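**Student:** Spelled out, the chains give:
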Amino acid sequence: MSMPEPATIPDANTPAGMLEGDLVKRARRGDLAAYDELVKRYQERIYATIYHMTGNHEDANDLTQEAFIKAYQALPSFKGGSSFYTWLYRIAINKTINFLKQRKNRHHFSLNDLDFNTEHNPDLVALISHKTPHRDAGLAELQKKLNEALFKLSEPHRMVVILHDVQGVSHEEIAEAMKCNIGTVRSRLFYARQQLQAHLAEYMQS
Amino acid sequence: MNANENNFETVRQLLKLKQHEVPPPGYFNHFSSQIISRIRAGEEGGTKTFMERLQITAPWLAGFLQIFETRPGIIGAFATSLCLVLGAGLFIAEQSDSAPKTAPVVAENTQPIMDSVTSASPAPLLAATDPSSGISVSTNPVLSLQPSANMFGQQNPLFQSASFATPVGR
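In order, the protein sequences belong to chains X and F. Under the working numbering, the first residue of the first sequence is numbered 1, with each subsequent residue one higher. Under the working numbering, the first residue of the second sequence is numbered 1, with each subsequent residue one higher.
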């Protein structure tokens, strides 16, 4: 009978075991190993945010890399007033907004594949159940329609609905990242959902 | 608000589909090392563009310039207004440069003064020369364009102070 391997506890002296604040301090001094750990911690969330805003894997890849590089270069100006993640998030969002402004309405979707668990998600299964008029619509088609509906929204509305309903970011954090008040976030969220509901009416359950 | 949340429950469920969109397998395995390599390459090469340097040193100015980049209409309006300001400046400068009527009168009046100055003093006396000492001494005021040796308490390096001590007993 084999003993289960003990869970490895990260050493507090290695970058993986360090707190965010310590990693930021070390990265500010030019410690690239510390910054590498910060990238590893937040790469997926930053990538996902940018990806959902651009609807394009290639652009998301470039912008995520640029956001991390810019954050490293701007680390000396990081005052520590907010968490490193919030600050990084703001850099990523601003970079993406500028990119989308330059790209204007030339949307090119390069959507990532849905993962294996999608078909087992009870909420999504319910959506394409027998009650749905388009019950023969596959998940891939639903994904395409959803993205098209999202890109009919204005950038601020799309951003709010993605950050809140997809990423699970709180109203307060969105307000901080987008430099607006919470009331604005709430009203944008309401309007964005209303618009999405109208665009996707045929996929909604009656 | 709660009723609204319930109304949008289907939309929220639909949006959960986005959470299942994932990048290609293994995408994040080497992502951080790519970024670190790019940072290293940037540090070694020092190939930061002007805009990149500006974004670090003066992010507000970089943001201001980015407005021009993203909205060509604004740069057109800015350039037009700049031209208008320059044109107005030139016009005002022209107006102020045009000679006023009183200017020649002043010039004419200054001439006799200069004449009287030059005629009042006779031809500059040559310095009295002491042939034995070889030192030239002059007590005449010299009206010249040479700057004074000491202006605003600063020593003029073109001038050298010299003292002329007369030998005792002569």
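FYI, nobody ran anything at the bench for these hints, they're computed from the structure. Predicted, not measured: the structure shown is a model, and the values here were computed from it. The beta carbon of each residue, even a glycine, is placed where N, CA and C say it ideally should be. Take these hints with a grain of salt, some might be off.
[What the hints assert, rightly or not] Far from chain X by the CB rule (all over 12 Å, computed), these chain F residues:
#, residue
1, Phe-8
2, Gln-13
3, Leu-17
4, Pro-24
5, Tyr-27
6, Gln-55
7, Gly-63
8, Ala-77
9, Ala-79
10, Ser-81
11, Leu-82
12, Leu-86
13, Ala-93
14, Glu-94
15, Asp-97
[As the list claims (entries may be wrong)] Examples of chain X residues toward chain F, derived with CB under 8 Å:
#, residue
16, Met-18
17, Leu-19
18, Val-24
19, Asp-36
20, Glu-44
21, Asn-56
22, Val-169
23, Ser-170
24, His-171
25, Arg-193
26, Tyr-203
**Student:** For each hint, tell me whether it holds in the structure or not.
**Tutor:** Comparing the hints with the structure gives:
1. Phe-8: Per Cβ check, Phe-8 (chain F) is inside 12 Å of chain X; nearest 4 Å; violated.
2. Gln-13: violated, 4 Å
3. Leu-17: violated, 6 Å
4. Pro-24: violated, 7 Å
5. Tyr-27: About 8 Å separates Tyr-27 (chain F) from the closest Cβ of chain X, which leaves it inside 12 Å; violated.
6. Gln-55: Check fails; 7 Å does not lie beyond 12 Å.
7. Gly-63: The assertion about Gly-63 (chain F) is violated, with a minimum of 9 Å to chain X.
8. Ala-77: holds, 17 Å
9. Ala-79: Consistent with the label, Ala-79 (chain F) stays out of reach of chain X, its closest Cβ about 20 Å off (over 12 Å).
10. Ser-81: Holds: least Cβ distance 23 Å, greater than 12 Å.
11. Leu-82: holds, 24 Å
12. Leu-86: Given that every Cβ of chain X is farther than 12 Å from that of Leu-86 (chain F), nearest at about 30 Å, it holds.
13. Ala-93: holds, 40 Å
14. Glu-94: Given a closest Cβ separation of 42 Å, the condition holds.
15. Asp-97: Holds, since 46 Å exceeds 12 Å.
16. Met-18: Hint violated; Met-18 (chain X) Cβ to chain F Cβ min 15 Å, cut 8 Å.
17. Leu-19: This hint is violated: Leu-19 (chain X) lies away from chain F, its Cβ roughly 18 Å from the closest one there, beyond 8 Å.
18. Val-24: violated, 15 Å
19. Asp-36: holds, 5 Å
20. Glu-44: At about 6 Å, which falls below the 8 Å cut-off, the nearest Cβ of chain F leaves the hint on Glu-44 (chain X) intact, so it holds.
21. Asn-56: Result: violated, 11 Å to nearest chain F Cβ.
22. Val-169: Status violated, d = 13 Å.
23. Ser-170: Status violated, d = 15 Å.
24. His-171: violated, 12 Å
25. Arg-193: Interface hint status for Arg-193 (chain X): holds (4 Å vs cutoff 8 Å).
26. Tyr-203: holds, 7 Å
Comparing the model with each numbered hint stated earlier shows that hints 1, 2, 3, 4, 5, 6, 7, 16, 17, 18, 21, 22, 23 and 24 do not hold.
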